[in-house]
Every structure is written in C-alpha cells, then in structure tokens.
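Asker: So the chains spell out like this:
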Amino acid sequence: MSVQGYRVTRGSNASRLAGLLGLIILLILIAAPWWAGRADMRLMGEVFLYLALASLWNLMAGYAGLVSVGQQAYVGFGGYMLFALTIFGGLNPVVAIAIAGLLGAAISVPVAALIFRLRGAYFAIGTWVMAEVFRLSFAQVSALGGGSGTSLPANIVRAMADGRDAREALSYWLALGMAVLVVAAVYLFLRSRNGLALTAIRDNELAARSLGIDIFRTKFLVYIVTSAMTAMVGALIFLQKLRISPDAAFSVNDWTAFVIFIVVIGGIGTIEGPIIGTLVFFALRETLADLGTIYLMVLGLVAIVIMLKAPKGIWGLIKDRFNLQLFPLGYRVVRPDSTRDDQKGA
Amino acid sequence: MDWVNAVIQGALLGGLYALFAAGLSLIFGVMRLVNIAHGDLIVMAAYLGLTTSVALGVHPLLALVLVIPMMAAIGYVLQRGILNHTLGDDLLPPLLVTFGLSVIIQNVLLEGYSADPQKMNGGALETASVSVGSLSLGLLPILTFVVAVGVIAGLQWMFYHTALGRSFRAVSDNQDIAQLMGLNKRHIFGLAMALALAVTAIGGIFLGIRTSFDPSIGGGRLIFGFEAVIIGGLGNLWGTLAGGVILGVAQTVGAKIDPGWQILAGHIVFLLILAVRPNGLFPRVSA
Amino acid sequence: MPEPILDIRGLDAHYGDFQALYGLNLTLAPGEVLAIIGSNGAGKTTLLRSISGLMSNGAAQIRYRGTPIGALRADQVASLGIALVPEGRQLFPSLSVEENLLIGGRVKRAGPWSLSKVYELFPILQDRRHQASTSLSGGQQQMVAIGRALMANPDLILFDEISLGLAPIIIRDIYAALPGIVGGGMSAVIVEQDISKALSVSSRVYCLQEGRVSLEGDSATVSRDDISRAYFGIA
Chain A
1 MSVQGYRVTR GSNASRLAGL LGLIILLILI AAPWWAGRAD MRLMGEVFLY
51 LALASLWNLM AGYAGLVSVG QQAYVGFGGY MLFALTIFGG LNPVVAIAIA
101 GLLGAAISVP VAALIFRLRG AYFAIGTWVM AEVFRLSFAQ VSALGGGSGT
151 SLPANIVRAM ADGRDAREAL SYWLALGMAV LVVAAVYLFL RSRNGLALTA
201 IRDNELAARS LGIDIFRTKF LVYIVTSAMT AMVGALIFLQ KLRISPDAAF
251 SVNDWTAFVI FIVVIGGIGT IEGPIIGTLV FFALRETLAD LGTIYLMVLG
301 LVAIVIMLKA PKGIWGLIKD RFNLQLFPLG YRVVRPDSTR DDQKGA
Chain X
1 MDWVNAVIQG ALLGGLYALF AAGLSLIFGV MRLVNIAHGD LIVMAAYLGL
51 TTSVALGVHP LLALVLVIPM MAAIGYVLQR GILNHTLGDD LLPPLLVTFG
101 LSVIIQNVLL EGYSADPQKM NGGALETASV SVGSLSLGLL PILTFVVAVG
151 VIAGLQWMFY HTALGRSFRA VSDNQDIAQL MGLNKRHIFG LAMALALAVT
201 AIGGIFLGIR TSFDPSIGGG RLIFGFEAVI IGGLGNLWGT LAGGVILGVA
251 QTVGAKIDPG WQILAGHIVF LLILAVRPNG LFPRVSA
Chain B
1 MPEPILDIRG LDAHYGDFQA LYGLNLTLAP GEVLAIIGSN GAGKTTLLRS
51 ISGLMSNGAA QIRYRGTPIG ALRADQVASL GIALVPEGRQ LFPSLSVEEN
101 LLIGGRVKRA GPWSLSKVYE LFPILQDRRH QASTSLSGGQ QQMVAIGRAL
151 MANPDLILFD EISLGLAPII IRDIYAALPG IVGGGMSAVI VEQDISKALS
201 VSSRVYCLQE GRVSLEGDSA TVSRDDISRA YFGIA
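Chains as they are written, first to last, in this note's numbering: chain A, 1 to 346; chain X, 1 to 287; chain B, 1 to 235.
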C-alpha cells in the first residue's frame, strides 16, 4: 500500500536481522546434544520451560488483562496427567504430553466459567483458590501417591528412547520445541484478528466494546489456550523431574512467583520481555542461588522497583531508547525518502 | 451431637477468618486495593507477637498492646512509601508489587525465624473450656469470636459515626473532590492501611495462639480472608463476618466427614456460592 | 490599587498532548466577584481546576496573596482558603447531607460559616440533613455543594456552572443567595454559561476563547457586541 511513496510496513531492518539471528541461534540450540554437556543441557531445558511459562503468563496478564497467580494449577495438572496417562493408560510420554494439553483445555472451561465472575484483582486470588483446589484434590488420589507423591516408573522412562544420552537429548529437544511453539503461537495469535482485538481491549476496554469486539469470548479463548499450553509445559517439567508431589506440582513460588518476576523484569506486554526476563532470571539464579532466601528477597525487591520505576521492564527501556521491535506486531510508516530501508514501495 | 459440635466449632473458627478478612475488606473499600501480601502480614504479626511475648515474658494477648501499634506503623509507612505509588487505573502495579512484597516478607521471616513451625504459649487460655449443655466449648475460640464481633462493630461504628470514617467514605467516593475538601488522600490511605494492619495484628496473634505457624502459611490465610469477603459480599463488614462463619463451618463439617477434606470443603463451598451468587450473599452496592 | 488576592500570569495547562490554556493572565482584587464566560471547551473549567490544585501547573503561574500556589495539591490549596463548587455538584453519595457539609468544614478555618449558618441560608437542607445526598433534587444538591464549600470559610470561592441542568426558578433561588455569600467580603470567581446572569452578579468579566483571554471588562459597561465577538471569535 502506498500514498505517494509512503509505505506501511510491519517489519524493519532490525526485525529482519533479528529473525535471521534467531534462526541461527535456534540451529545452534538444536545441535546442543552434540556440543553441550549434560548439566548444561538440563539447565537450558529448564530455561526453555520457564520461557514458555513466562510467555504464556505474559499473554494473559500483559495482553488479555487476566492477571493470574494460579497458573501452578495447570503446571501441576499437566504433570499429574503425564503420570496418570503413562502409568495407568500405558501411553508413550510424548503422546501423553499432547493429551495433557487437551485435558488442560477441557478442565479450564468450567474453571473459567467460575472465576471469570471475579473482577480484576479478585480474579487473581480466585485463580489461586483454584490452584489450591487442584492441589488438595490430587493429594486425595492415593493411586498417585496422595500427599507424598509418586515417581515415574523406570520402564516408562526407558520406553522414551534407548540409552540415557538419547533420553536426555529427547527431553532437551521437547523443551526447546515447547518454547519455540509457545513463542511462535503467542506471536501468531497476537498478529491475528483475535490478537488485534486483545490489544485493543488492553488499550481501551470501553472503546473496544463499542467497536463490537466480544471481550468475554476473546478473554475466555486466551484463558483456555494458555491453560492447555501451560499443562503441556507442566507435563514436560515433571517428565524431566521424574517425580511428582502435590506441593511441588502446585507450588505458587516455583510456577507463578518466578514467572511473574521474569515477565515484570523483562517487560510485560511485549513478546521480547519474557525472553529477556528469563535470561536475566537465570543469570541471577546461577550467580546468587547460594544466598538462598536473600536471593528471593533481592528478586522480589528488583521486581517491585521495576514495577514502580520502569513499569515496561528492561525491554521497555531498550525499546524506548532505540525504537526496536524484534517481533513486528505494530505497523510503522516508512517515508519515501527513507534510505534505511532496502525495499522499494509496492 | 457431634455434628452440632462441629458446626459450633466452625462458627467460632469463622471469627478468626473474619479477623483475617476485615482488613482486606477495609482497604478494598477505601482505595480499591487488593493486597496479596495480606496473609504474610498476618503471619508477620504472629511472629512479632511471639518475639514480644517471649522477650518481655508476657502473655501473647498482652503483647497486642505493642504489636497493634507496630503493625499500624508498618501499614502507614508501607502505604505511603510504596503502595500509594501503585494506585491508579491500572490494576497490574498494585497486584504485582504486593505479590513481590509477599515473597519478600516470607523470606525475611524465613531468614529471621527459620522454617520450623512456632507457636505462642497462651497458657491456661488454650485448654480452658465452658460447658454449654452437653457441649464443651474452648474459651479461646469463644474469645476469638467475641473479639471479631467487637472489631467489626468497632470498624462499622468508625466508618459511619466518626470524622475519620467520613473521610474514608469521601475518598472512596471521589478522590478528586475529597482533595478539594482538604483531605490528603495519601495520608487517608496510609491511615486506612494502618487500621487494616492493626486488625491484622489481632488476627495474627489469635492465629498464633490457636495453632502453630511458619513463614509459608501466609498464602493460605489470604485465601481464607478473601473467601470470607467474597462469600459475605464486597463492601459489607457484617457480611464478612457471616462469610467467615460459613467458611469455618464448611471446614469443620468437611473435616468431620474426612480429615483430609477440611480445607477443600471450605474452597468448594466458596466456589458453589460463587457459582450461585457471584456477588456474595449480602452484597452492598457502592455504599 | 490593593494587592490582588489572586494573580495569574502566563498560565499554561495541558491534558496530555492537548494544551487547554495558553499563557493566560488574570487578576482578582479582594472582595471582588469575577465572571468567566466563554463557549464549551474555551478553558473555563480548566482554569478553575488549575486554581484549585486539581491540575498541577508551574508554581509561579498562580499566586494567591502573593504566594505561588500553582504547583500545590488540591488539599494544600484548600487549606489556604480557596474552595471550589465543582461542575455537576459532585456530592459524596455515601455521605448524608449533613456529612457532606461537615466534610467541607474539615479544613477548620475560622470564619462566619458553620452548619447553622448554612442551614439558615438554605433552610430546606436542615429538614433533609439525615437523608442520603443522592436523594435530593438537583437544586437541593447544588445548595449542598455550595454549603459544603462555604463550610471551609474560604476567602476565595470558585463556582463552576452552578446553574447547569437546573430549572430557571431554582437558578433564581440560588443566585438570590449569592449576595449573602459574597457580601461578607469573600472573593468569588463565577463560571457561567448564562451571560446575563454572569454580568448581573459580577463586577468584572473575562471571556475565554480557545484557552486565551479574548475580552476583559467591567460587567456594568461591557457591550453585548464586544461579548459576541469575544465569545465566537468573529472579528
């Protein structure tokens, strides 16, 4: 589209460069089993799963305005479904992960029907109540170890792949694949009609309503998709841990507090934010984890300071300074005399 | 008779939950703030009570004389120093900042007191009981309930019959116009949080005499308080007491059916009420 | 000429990117009643919001008794003795009539106004004093809003569109009460759509147009043609 040479475009040199760079990094990461040690791969696997959780929470809170402090409900649910489907259903773990996602979507529908009655901050605590209901319910299931939990039987683990190295590699690739799937899904979703509607709602609920955007349906859809994917991530997390218990599966600190800190520090409401936040989070963890409780206090303090002083997070600061967008969502107008762009107007 | 006993015990337990809930209800009413760290502040009050009563060698209830003003001061400083900066149209900042506070408070308590469960020594009060017919009721639960009724009556009176309560309602109605009346809303919000945490101090001490506690239990207390507020209906203090009683009864009756069901039964009753009466049992709209 | 009670020099006001006032100048002598007229969007309400502290401005752009108050908060401005009767009454719905008046008296300045004096001015309010403020008619609500401002015993009172949305007979009653209010030496700024009403109660008049003063004059002598030109910008 052009008016006297003006063009409207989504991409920019930076985003194309980022795309190319991202592709190269992705190829290097895929090849990790050939160049990385076992401990490094485990750490990277964890990084990918946290990135997936953070991107999903960001989609809900940063775009759909659904601030949940109860996502551990779906992490734990997915983990327990993996164990149940493989132990009692005899399914291959990889198949079980996909089915855990579907079951996560199914259970999220009645949950949403209830907690969507709560507004704003009360919605947040409502999600927490739900997570507690999940935790207490699974603690009642004696076949899955009740309150003390259970381990994944060795024969199921062995059925995944031949040999420990192959299993570790598969586990790593699943985590990497999950992160790529989630980030790509969030990106494509935000570019879609529904995604644009979401952004419109976030920016102005009243105006969006007057444009006839069905807010409830869009938010509902986001909640269900997020729940499904969070359940899949949860299944993957406990496939790596090989052991599950209600307290570990439904931990508010591990699966929600850390995730929220990652998103806030990186930059809420941007796709890049969770990526940056995850890297910062793990960098801090690997250097400060020995400090134990002090580390958590510092993390909480950093999140509060960022929320008060730079609510758009680290990525927001970078973006404002350099006008960068690596995942082109918005449109920008390119002037005809712009020499920074190689493409001529269409 | 066992069932009657369970119901009465539950109702009395509801008094404790009402004490957890009253502070939440108050700050939501005045400034529409939902404090995720509320439960951790309750636990913090319990630890302050423990330290005070051990250090001075006094009964935990006497420690309230110090813990109430301490918590009130913490509330005022917290509100003016941090929380006032989060208030506005966007709901994310208050939510995420109080969530961060929650994690900080938990870990400060962990650092200071370790993860071992602690308990306050309530002396004879813990075991004393009164016989009503064939029922034997603990003096401590009765006292807790009476104090909860007193606190709620006091808050209600303060809200509708004092200059401070008038200021709270005015700021809650319209912050700009209240400023025109010479009310500094930041100060008023600070006072509201001070009052809320003063009530929290009472709840925390009764919690600490009744059961053992550790730094991780704040989240659960927040949820009980929140459930009591929603069951009772937003903005209704007496409703909050009723909500606490309903939650308490659900828990004790649930525990009677199966000990593992105690907390779950409370959550389920909460969800049922949310499904049937989303605005709570006694909603009060904009008053 | 006595020192002005209110001295506004080069006042700019913005709502985000939108500028509502451009370098506005205005003075008010003690005891004077000033009328501000102008079409919708001319900046009248913005001017009152700026004076009362609901909008923050450059400190020295607004001086009250020589003190710069442009950057003060509304509650600080109120305690100095400036009260605003806001557009649309804006009573506190969860407060009774009497409570609305009492909260107006919160700044506790010394002066002639008290609960009984307000009831004397508007007797109907005494009968309704325990009712919810929202249960009153529009005119009665306006009386509460005026009474609430008087309870602060201000030295300067600002009225924003006090006749808006009221029946003519009610407007007449309310304006009949004005001399009793400002007669005691209180200074007043009255923003009013009804030009003849504005001129009849004021000694001087300012007309605003697109955020600037387009006319300033004596209310008794200013010509209708001048006002039309200043109002609509027809040269």
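Hints may contain errors.
Claimed, not checked - Okay, the calculated beta carbon distance ranges per label pair:
no.: 1; chain 1: X; residue 1: Asp89; chain 2: B; residue 2: Gly41; range: 22 to 30 Å
no.: 2; chain 1: A; residue 1: Ser148; chain 2: X; residue 2: Ser212; range: 53 to 61 Å
no.: 3; chain 1: A; residue 1: Lys309; chain 2: X; residue 2: Gly112; range: 25 to 33 Å
no.: 4; chain 1: A; residue 1: Ile294; chain 2: X; residue 2: Ala275; range: 42 to 50 Å
no.: 5; chain 1: X; residue 1: Gly112; chain 2: A; residue 2: Glu286; range: 44 to 52 Å
no.: 6; chain 1: A; residue 1: Ser148; chain 2: X; residue 2: Asp89; range: 44 to 52 Å
no.: 7; chain 1: A; residue 1: Gly120; chain 2: B; residue 2: Gly31; range: 43 to 51 Å
no.: 8; chain 1: A; residue 1: Leu279; chain 2: B; residue 2: Thr134; range: 50 to 58 Å
no.: 9; chain 1: A; residue 1: Arg119; chain 2: B; residue 2: Leu164; range: 48 to 56 Å
What the hints contain is simulated information worked out from the structure, not anything from laboratory work.
Ideal Cβ positions, reconstructed from N, Cα and C, are used throughout, including at glycine.
Asker: None of the hints should be skipped; say for each whether it holds.
Answerer: Each hint, compared with the structure:
1. X:Asp89 - B:Gly41: 22 to 30 Å: The hinted range 22 to 30 Å holds for X:Asp89 and B:Gly41, with Cβ atoms some 24 Å apart.
2. A:Ser148 - X:Ser212: 53 to 61 Å: violated (21 Å)
3. A:Lys309 - X:Gly112: 25 to 33 Å: Given a distance of about 28 Å, which is inside 25 to 33 Å, the answer is holds.
4. A:Ile294 - X:Ala275: 42 to 50 Å: Holds - the Cβ-Cβ distance for A:Ile294 and X:Ala275, about 43 Å, lies within 42 to 50 Å.
5. X:Gly112 - A:Glu286: 44 to 52 Å: violated (26 Å)
6. A:Ser148 - X:Asp89: 44 to 52 Å: holds (46 Å)
7. A:Gly120 - B:Gly31: 43 to 51 Å: holds (50 Å)
8. A:Leu279 - B:Thr134: 50 to 58 Å: Given a distance of about 55 Å, which is inside 50 to 58 Å, the answer is holds.
9. A:Arg119 - B:Leu164: 48 to 56 Å: For A:Arg119 and B:Leu164 the Cβ distance comes to about 33 Å; the hint is violated.
Taken one by one, the earlier hints fail for this structure at numbers 2, 5 and 9, listed in ascending order.
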